[in-house]
Amino acid sequence: MKPILFLCLLTATAAAQAVVEGRVALPEAKTGPVVAKRYEVVTKAGLSEMSPSQAVVWLEGNFAAPAAPPRAQLVQKDLSFVPALLPIRTGTVVEFPNQDATYHNIFSFSATKRFDLGRYRAEDKPVPTQTFDKAGLVALRCDIHEHMRALILVVDSPYFVKTQSDGSYKLSGLPAGRYNLKVWMNSKTTLERAVELKAGTTSRVDFP
Amino acid sequence: MLVVAAATTLAMWLAQQGAEAAEQTRIQGEFRSAFSAQLADRRTQLESLADLCRALARKPRIIAALEEASVQDLYDNAQIELQLRGVIGGNGISTIRTARLHRFLDKTGAMIAPPNGRREPWETRLEQDGISATQTAGYVAAGDGSLLEVVTTPMIDGDTGEVFGAMVLCFVPRSSDGGVWIEGTLHLPGFSGIGMAEARQAIATVTASAGPSERSAPLEINGAPYLLFCQTFDSTHKSPAWHVALYPLAESIARQQALRWKIVSVGALILLGAYVAVHFLTARLSSPVEKLEVTSEVHRVGRERAEAALDLTNEELRARNTELAAAMDKLKAAQQQHVQQERLRALGQMASGVAHDFNNALVPILGFSDLLLMSPETLADPARARGYLQSIQTAASDAASVVARLREFYRSSAEVEKFTPVDLCKLVTQSVALTRPRWRDQALAGGATIELRTELDPVALIAGDEAALREVLTNLIFNAVDAMPQGGTITLRTRADGERVLLEISDTGTGMSEEVRCRCLEPFFSTKGERGTGLGLSMVFGIIQRHGGILDLQSELGKGTTFRISLPPHHEEQAKAAPAAEIQRGLRLLVVDDEEPVRETLAATLAHDGHIVTLAKHGVDGLRQFMAGSFDLVITDRAMPGMSGEQMAATMKHVRPQTPVILLTGFGQFLEKDRFPEVDVLASKPVSITSLREAIVSAMKT
Numbered sequence: 000m001k002p003i004l005f006l007c008l009l010t011a012t013a014a015a016q017a018v019v020e021g022r023v024a025l026p027e028a029k030t031g032p033v034v035a036k037r038y039e040v041v042t043k044a045g046l047s048e049m050s051p052s053q054a055v056v057w058l059e060g061n062f063a064a065p066a067a068p069p070r071a072q073l074v075q076k077d078l079s080f081v082p083a084l085l086p087i088r089t090g091t092v093v094e095f096p097n098q099d100a101t102y103h104n105i106f107s108f109s110a111t112k113r114f115d116l117g118r119y120r121a122e123d124k125p126v127p128t129q130t131f132d133k134a135g136l137v138a139l140r141c142d143i144h145e146h147m148r149a150l151i152l153v154v155d156s157p158y159f160v161k162t163q164s165d166g167s168y169k170l171s172g173l174p175a176g177r178y179n180l181k182v183w184m185n186s187k188t189t190l191e192r193a194v195e196l197k198a199g200t201t202s203r204v205d206f207p
Numbered sequence: 000m001l002v003v004a005a006a007t008t009l010a011m012w013l014a015q016q017g018a019e020a021a022e023q024t025r026i027q028g029e030f031r032s033a034f035s036a037q038l039a040d041r042r043t044q045l046e047s048l049a050d051l052c053r054a055l056a057r058k059p060r061i062i063a064a065l066e067e068a069s070v071q072d073l074y075d076n077a078q079i080e081l082q083l084r085g086v087i088g089g090n091g092i093s094t095i096r097t098a099r100l101h102r103f104l105d106k107t108g109a110m111i112a113p114p115n116g117r118r119e120p121w122e123t124r125l126e127q128d129g130i131s132a133t134q135t136a137g138y139v140a141a142g143d144g145s146l147l148e149v150v151t152t153p154m155i156d157g158d159t160g161e162v163f164g165a166m167v168l169c170f171v172p173r174s175s176d177g178g179v180w181i182e183g184t185l186h187l188p189g190f191s192g193i194g195m196a197e198a199r200q201a202i203a204t205v206t207a208s209a210g211p212s213e214r215s216a217p218l219e220i221n222g223a224p225y226l227l228f229c230q231t232f233d234s235t236h237k238s239p240a241w242h243v244a245l246y247p248l249a250e251s252i253a254r255q256q257a258l259r260w261k262i263v264s265v266g267a268l269i270l271l272g273a274y275v276a277v278h279f280l281t282a283r284l285s286s287p288v289e290k291l292e293v294t295s296e297v298h299r300v301g302r303e304r305a306e307a308a309l310d311l312t313n314e315e316l317r318a319r320n321t322e323l324a325a326a327m328d329k330l331k332a333a334q335q336q337h338v339q340q341e342r343l344r345a346l347g348q349m350a351s352g353v354a355h356d357f358n359n360a361l362v363p364i365l366g367f368s369d370l371l372l373m374s375p376e377t378l379a380d381p382a383r384a385r386g387y388l389q390s391i392q393t394a395a396s397d398a399a400s401v402v403a404r405l406r407e408f409y410r411s412s413a414e415v416e417k418f419t420p421v422d423l424c425k426l427v428t429q430s431v432a433l434t435r436p437r438w439r440d441q442a443l444a445g446g447a448t449i450e451l452r453t454e455l456d457p458v459a460l461i462a463g464d465e466a467a468l469r470e471v472l473t474n475l476i477f478n479a480v481d482a483m484p485q486g487g488t489i490t491l492r493t494r495a496d497g498e499r500v501l502l503e504i505s506d507t508g509t510g511m512s513e514e515v516r517c518r519c520l521e522p523f524f525s526t527k528g529e530r531g532t533g534l535g536l537s538m539v540f541g542i543i544q545r546h547g548g549i550l551d552l553q554s555e556l557g558k559g560t561t562f563r564i565s566l567p568p569h570h571e572e573q574a575k576a577a578p579a580a581e582i583q584r585g586l587r588l589l590v591v592d593d594e595e596p597v598r599e600t601l602a603a604t605l606a607h608d609g610h611i612v613t614l615a616k617h618g619v620d621g622l623r624q625f626m627a628g629s630f631d632l633v634i635t636d637r638a639m640p641g642m643s644g645e646q647m648a649a650t651m652k653h654v655r656p657q658t659p660v661i662l663l664t665g666f667g668q669f670l671e672k673d674r675f676p677e678v679d680v681l682a683s684k685p686v687s688i689t690s691l692r693e694a695i696v697s698a699m700k701t
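Just so you know, the protein sequences line up as chains A and B, in that order.
Per numbering that gives the first Met the number 0, the very first residue in the first sequence carries number 0; after that it's consecutive.
Per numbering that gives the first Met the number 0, the very first residue in the second sequence carries number 0; after that it's consecutive.
The set of hints was computed from the structure by calculation and includes no laboratory data.
Treat the hints with caution; some may be incorrect.
[To be verified] Taking lysine to aspartate or glutamate and the EDC-like style, the derived pairs with C-alpha atoms no more than 16 angstroms apart in a straight line are: (1) B:K58 to A:D77; (2) A:K112 to B:E513; (3) A:K133 to A:E59; (4) A:K76 to A:E122; (5) B:K58 to B:D40; (6) B:K261 to B:E22; (7) B:K58 to A:E145; (8) B:K684 to B:D551; (9) A:K133 to A:D155; (10) A:K187 to B:E22; (11) A:K112 to B:D620; (12) B:K58 to A:D115; (13) B:K106 to B:E67; (14) A:K181 to A:E195; (15) B:K425 to B:E454; (16) A:K76 to A:E59; (17) B:K261 to B:E80; (18) B:K558 to B:E594.
[Unchecked claim] Some but not every residue of chain A turned toward chain B, in silico, with C-beta under 10 angstroms: (19) T42; (20) S109; (21) A110; (22) F114.
Each residue gets a CB set at the ideal place from its N, CA and C atoms; glycine is no exception.
Work the whole structure out from these sequences, hints included.
Right, here's the structure in full:
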C-alpha cells in the first residue's frame, strides 16, 4: 500500500520548532479468516481497524484555533473510499466527491458525527460536505455498496500524521513545550506518552 | 349352470375386490402427492423467505446500526427496509408474506430490545444460546396460541466472516401450508373444535414410535374416517417437529360403496342373461346333432386308432433322435464352458501374479524417485543419481516385461522362451540395489536393522530370462525382509556346483514350521495375511522350473531360512549373435499421441536420434499437420479420443500411400498385424528406444 503522509504544516506561531519521530509497533497482518482482503477497514467484534495495520500519531495540547476551517477530501473512487483512513483536525470541512460513474450514498451512525448524504452522482453539484466539530472516530459506509468502508479520525490538534506501513512517523514543525503524544491504533486502542519538546531538536519516541 | 353361476359370482367378487384395492391405492397416492406438493410449496416459500431475510441482513444501514450498537437506528432502519419490501405494513396486494414481528439478537444470542420497549412475553423464546452461522427456520408459539414461522438469519461481517448478531423475522403461516405438530401441540388451520383432541391423540401415537420420516395412518375423528400424513422436519426446537395433513376419507368411502353395488348388479344381470340364452339354445339344437354323432363316432374311432398306432412309432423315433442331439449339444456346451472356466481361472491367477510382480517393480521406482525428490542434493552427485536412475529404469523395464508375459498366456504354445546369457553375479548386485529402499530404508523406518551380505563367487553364465530371474531374487529378498521384523542378516551367495550354478539366499529370520515349509510353494498359500498374495514363492518356483533349475529350501523355526537354487549353465550354441542395431537418422517425423507425457517422451527420444519431429495432439490435428507438411514417416498412438490412430492412418494412406505409418498400441502383443492393413508397422507400448529404432527401420524398408 502506498503510504500516504498527511502532514499539516501550519504556519507556526512559535519561532523555534521541534521535531518528533519514531516508530509505532504495528500488529502483524491479520492471518484470521478474512473473507475479502480488498477492504482496508475491518470491523471485528465491534473493533474497527485498518488492514494492513496503520496508526495515526498526533500531538495533544491546547492549540490556537485556525483562522479559517481547514478542508479535506474523502473521495469515492472505484467503489471504495480514498483514503480509507482520514485523520483531520476538529472543525475541518470534509468534501465527499463521487468520482465513480454510479450513485453512492454515504452515511454514518457514529455518535461522533451522524449524517446521511443521500444518493448522488459525480455530476451532482455542489459536492456534499460535512463539518466535523467533535473529536472522535467516525465510521463511514455506503448504503448502496455494502463493502465500502472508511474511518475519519477527528483529533483536536493541527499536528497529526499517519504512520508509514512499517510504523515509522515524523511530525515536524511542532511548538516547544510539554505535550501528550498520542497514537490511535484502532477503534479501541490509543497509546499515549508525555513528551517535552525543545526548540530546534529532534526527539525520538517509539511506541510501545 | 350352477358352476357358471358360481364362477361368475367369483369373478365379480374378485373384480370388486380388485377395484376396491385399486381405489384405495389411488386415494392414498392422491393424498400422498397432495401432501408432497404442499410440503414442496412450503419449502419454496421458506426458501424465498430465507433469501429475503439474507438480503435484509446485509443492508449496510442495518449492519452499521448493529455495529454502532445504536438500537434506535437498528429498529428504525429495519422498519424502513421491511416496509420497502412490503414485509410489514404491506398493502395486502403484494404476494410477500407479512412479518408479524422483527427482532435482533446480539452475538450472544440475547434479544436486543426494541427502543419502544413494548415486548411480548413469548418473545424470549426467540433468543438463542449463541448465534449459529447458518440461517435457521422454525416455528414459535405466539402468546395467543397461534403459530408463527421464524427465520433467524445470522448477520455476518463481510470482511471477517464473523457472526455479530442475528435478525429474527416471525411470519404468519399461510393457511394453505397445512399443519404442524410441535412440542406436543397441534396447529392445524381449518380444523378445530370437537375433533381436535382425537386428532392430537392420533398424531401423538403415530409420531411417537421410531421409524421413517414420512408416515401415514388412517384414523377416525368424530366417527368420520380420515387419512393422516406426517413428515418430520429439522427444527430448532428440542422435541421433534412434524408437518401434518389430514384428509377426509368419507367421500372416497362413499364412492367405493357405489362402485361395489355397481359391480354386484352388473354381475347379476350377466348371470340372468346367460341362463336364459343357454336354456333356449340347448332346447333347439341338441337332439338332431346327438343322432348324427353316434354313427360317425364309430367310424372315426376305428380310423383314429390305426393312425395313432402308426404315428406313435414314428413319433417315438423322432423324439429319441432329438433327445440324442440335445444331449450331444449339452455335452459340447458343458465342455466348452469347462474350458472357458479353466481359462478364466488361469487368467485370474495370472492377473494377480502380474499385479504382484508389478508392485514389486514399483517399489524401487517409487523408492528411488522419492529419494531423488526428497533430497535434491543427490542430483548434484551424478554418479549416485545415475545409479538411482539406472535402478528405476531396470525396474520399469521389468514391469514392462511383466506385461509382455501376458502374451505368453495367449500364445503359450506358439512361442519359444527367449533365453539369453545371464551373469548371475551381476543380477544379484542389481537386485540388491533395486530392493535397497525396502530392506534398508523401510526396515530402518520400522526400527529394524537389516544387514545384507553378498558372497559372490564368479560363476559361469547361465541361460535365462533376466527379468524373470531378477523377479526371483527380488521376491526372495522381500520374503527375507518380511521374515525378519526384528532385523537380521540376509546373505546372497553364488558359487559353482560342478557344471551347474548355485544361488543361495539365506536370512536369519523367523523360519518356517514343517507344515509351512511343505506348503509354501503352493499358489495362494501365504503367512502374511492381508499383505501377501500367496503367489510370490509359487512364481519363483515356476520361473526356476522354466529355467530347468532346482529349488531347495531349508528352514528352521527361529533360526532362518535358506533358499538354494541350482541352475544349468549356458551353452554356447544357444547364443545367437544379435544383428548389429541399425539406426535411421534425420527423418522428418510426425508423432501423434493424445497423452502429453508420451508425446514428449517420444519427441525427446526421436530428437535424440537426430530426427525432425512434429507433434500432433490428436487424430484431427495429426491429419492437419500431415496435409500441411511433408513427412517421411508417421508414428501414431492407436487409442485416441475422436479419431483413432488407424482411422487417421487410413485417411493418410488415401492421400499419400507411400508415407509409412507406425501404430503404437498398448495391446500390441495381442493384436495381429493383419487387422491393421492401413499401417505398416505395429509397435507395442511402452516403447523403448531400441524397439522404436527397430520399428522405424522396418517401416522405412516397406
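Comparing the hints with the structure gives:
A distance of roughly 20 angstroms separates the Cα atoms of K58 (chain B) and D77 (chain A); the hinted pair therefore is violated under the 16 angstroms criterion. In summary, the hint linking K112 (chain A) to E513 (chain B) is not supported, as the alpha carbons are separated by about 95 angstroms, beyond the 16 angstroms threshold. Of the supplied pair hints, the one linking K133 (chain A) and E59 (chain A) holds, its CA atoms being roughly 15 angstroms apart against a limit of 16 angstroms. Restraint check for K76 (chain A) and E122 (chain A): the C-alpha separation of about 14 angstroms stays at or below 16 angstroms, so the hint holds.
Restraint check: the Cα-Cα separation between K58 (chain B) and D40 (chain B) comes to about 28 angstroms, which exceeds 16 angstroms; the hinted pair is violated. Only pairs whose Cα atoms come within 16 angstroms are accepted, and K261 (chain B) paired with E22 (chain B) is accepted, the gap being roughly 14 angstroms. Note on K58 (chain B) and E145 (chain A): the hinted pairing holds, with a Cα-Cα distance of about 7 angstroms set against a maximum of 16 angstroms. As the CA atoms of K684 (chain B) and D551 (chain B) are separated by approximately 38 angstroms, the hinted pair breaks the 16 angstroms bound.
Straight-line distance between C-alpha atoms of K133 (chain A) and D155 (chain A) comes to about 8 angstroms, which keeps the hinted pair within the 16 angstroms bound. For the given pair, K187 (chain A) sits about 73 angstroms from E22 (chain B) by alpha-carbon distance, which is inconsistent with the 16 angstroms threshold. The hinted pair formed by K112 (chain A) and D620 (chain B) fails the criterion: a straight-line CA distance of about 69 angstroms is larger than 16 angstroms. Distance restraint check for K58 (chain B) and D115 (chain A): the Cα-Cα separation of roughly 15 angstroms lies within the 16 angstroms cut-off, and the hinted pair is therefore satisfied.
The suggested pairing of K106 (chain B) with E67 (chain B) holds, with an alpha-carbon distance near 13 angstroms, which does not exceed 16 angstroms. Taking the CA atoms of K181 (chain A) and E195 (chain A), the gap is near 13 angstroms; set against the 16 angstroms cutoff, the hint holds. The hinted pair formed by K425 (chain B) and E454 (chain B) meets the criterion: a straight-line CA distance of about 12 angstroms does not exceed 16 angstroms. Taking the CA atoms of K76 (chain A) and E59 (chain A), the gap is near 32 angstroms; set against the 16 angstroms cutoff, the hint is violated.
Note on K261 (chain B) and E80 (chain B): the hinted pairing is violated, with a Cα-Cα distance of about 63 angstroms set against a maximum of 16 angstroms. Using a Cα cut-off of 16 angstroms, the hinted pair K558 (chain B) and E594 (chain B) is violated, with the two alpha carbons roughly 52 angstroms apart. About 6 angstroms separates the beta-carbon of T42 (chain A) from the nearest beta-carbon of chain B, less than 10 angstroms, and the hint is met. Checking S109 (chain A) against chain B: minimum C-beta separation of about 6 angstroms stays under 10 angstroms; hint holds.
Nearest Cβ of chain B to the Cβ of A110 (chain A): about 7 angstroms, under the 10 angstroms cut. The hint holds. Given hint, F114 (chain A) at the interface with chain B, is violated; its Cβ is 12 angstroms from that chain's nearest Cβ, farther than 10 angstroms.
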